[in-house]
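If you count by the numbering used here, then the sequence shown holds residues 1 to 122, one letter each, in order.
Among the clues, some could well be false.
Now the in silico label distances, taken between C-beta atoms and shown as ranges [unchecked claim]:
(1) G120 <-> D39: 16 to 22 Å
(2) R38 <-> D111: 20 to 26 Å
(3) E19 <-> G85: 28 to 34 Å
(4) A62 <-> L88: 19 to 25 Å
(5) P118 <-> A34: 21 to 27 Å
(6) E119 <-> D63: 16 to 22 Å
(7) A34 <-> E81: 18 to 24 Å
(8) K59 <-> G85: 24 to 30 Å
(9) G120 <-> R38: 16 to 22 Å
(10) L121 <-> R99: 18 to 24 Å
(11) S77 <-> D111: 37 to 43 Å
(12) G85 <-> G40: 18 to 24 Å
No lab work stands behind these hints: they were computed from the structure. Glycine included, each C-beta is placed from N, C-alpha and C at the ideal position.
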Amino acid sequence: MRPDVEIGSATIYKICSRESWDDACRLGRYPGSADDRRDGFIHFSARHQLAATAEKYFKGQADLVLIAVEAARLGTSLRWEPSRGGDLFPHLYKDLETRAALSVMPLPLDDQGHPLIPEGLV
Numbered sequence: 001m002r003p004d005v006e007i008g009s010a011t012i013y014k015i016c017s018r019e020s021w022d023d024a025c026r027l028g029r030y031p032g033s034a035d036d037r038r039d040g041f042i043h044f045s046a047r048h049q050l051a052a053t054a055e056k057y058f059k060g061q062a063d064l065v066l067i068a069v070e071a072a073r074l075g076t077s078l079r080w081e082p083s084r085g086g087d088l089f090p091h092l093y094k095d096l097e098t099r100a101a102l103s104v105m106p107l108p109l110d111d112q113g114h115p116l117i118p119e120g121l122v
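Kindly generate the complete structure, drawing on both the sequences and the hints.
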């Protein structure tokens, strides 16, 4: 985690397919991707981690959505744990209730398949 990012007040982000989010909305909860379920938690990213996460795990994948969630609303099931390069990443140890989403927006790709992170995210 960067020193200028306050963990409790952070907006965190999840990237997933539109189809899996639509399925989650019908259920009222998002159980995570296959990778999330394998790891035992839902992987999120802070704003400063988002571009690298999108590039590493979602390059070339079409029809993605970017889900914004206020970290403080997730309670003690959200833990910030070391991952890539020792940076602290938010991990949710329960299903994400879809009503917790602050926003859900399309995550388009550029001509080379790189995800385009929307400007103005906090």
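(request) Could you say whether the range 18 to 24 Å given as a hint is met by the Cβ separation of L121 and R99? (result) 20 Å, holds
(request) Could you say whether the range 37 to 43 Å given as a hint is met by the Cβ separation of S77 and D111? (result) 39 Å, holds
(message) If I claimed the Cβ atoms of G120 and R38 lie 16 to 22 Å apart, would that claim hold in this structure?
(response) Violated, at about 33 Å.
(request) Indicate whether the distance between the beta carbons of E119 and D63 respects the range 16 to 22 Å. (result) 21 Å, holds
(request) Determine whether the Cβ-Cβ distance between R38 and D111 falls within the hinted range of 20 to 26 Å. (result) 32 Å, violated
(request) Return holds or violated for the Cβ distance of E19 and G85 against the range 28 to 34 Å. (result) 31 Å, holds
(message) Within 24 to 30 Å: is that where the Cβ-Cβ distance between K59 and G85 falls?
(response) Between K59 and G85, where Cβ atoms are some 19 Å apart, the hint is violated.
(message) Please check whether G85 and G40 have a Cβ separation lying inside 18 to 24 Å.
(response) Taking Cβ atoms as reference, G85 and G40 lie about 21 Å apart, which means the hint holds.
(request) Starting from the hint 21 to 27 Å, judge whether the C-beta atoms of P118 and A34 obey it. (result) Once the Cβ atoms are compared, 26 Å apart, the range 21 to 27 Å for A34 and P118 holds.
(request) Evaluate the given range 16 to 22 Å for the C-beta pair formed by G120 and D39. (result) Given range 16 to 22 Å: violated, Cβ gap about 30 Å.
(request) Return holds or violated for the Cβ distance of A34 and E81 against the range 18 to 24 Å. (result) Given a distance of about 20 Å, which is inside 18 to 24 Å, the answer is holds.
(request) Check the following: the C-beta atoms of A62 and L88 are separated by a distance inside 19 to 25 Å. (result) Violated: the Cβ-Cβ distance is about 30 Å, outside 19 to 25 Å.
The structure does not agree with the numbered hints 1, 2, 4, 8 and 9 stated previously, though it agrees with the rest.
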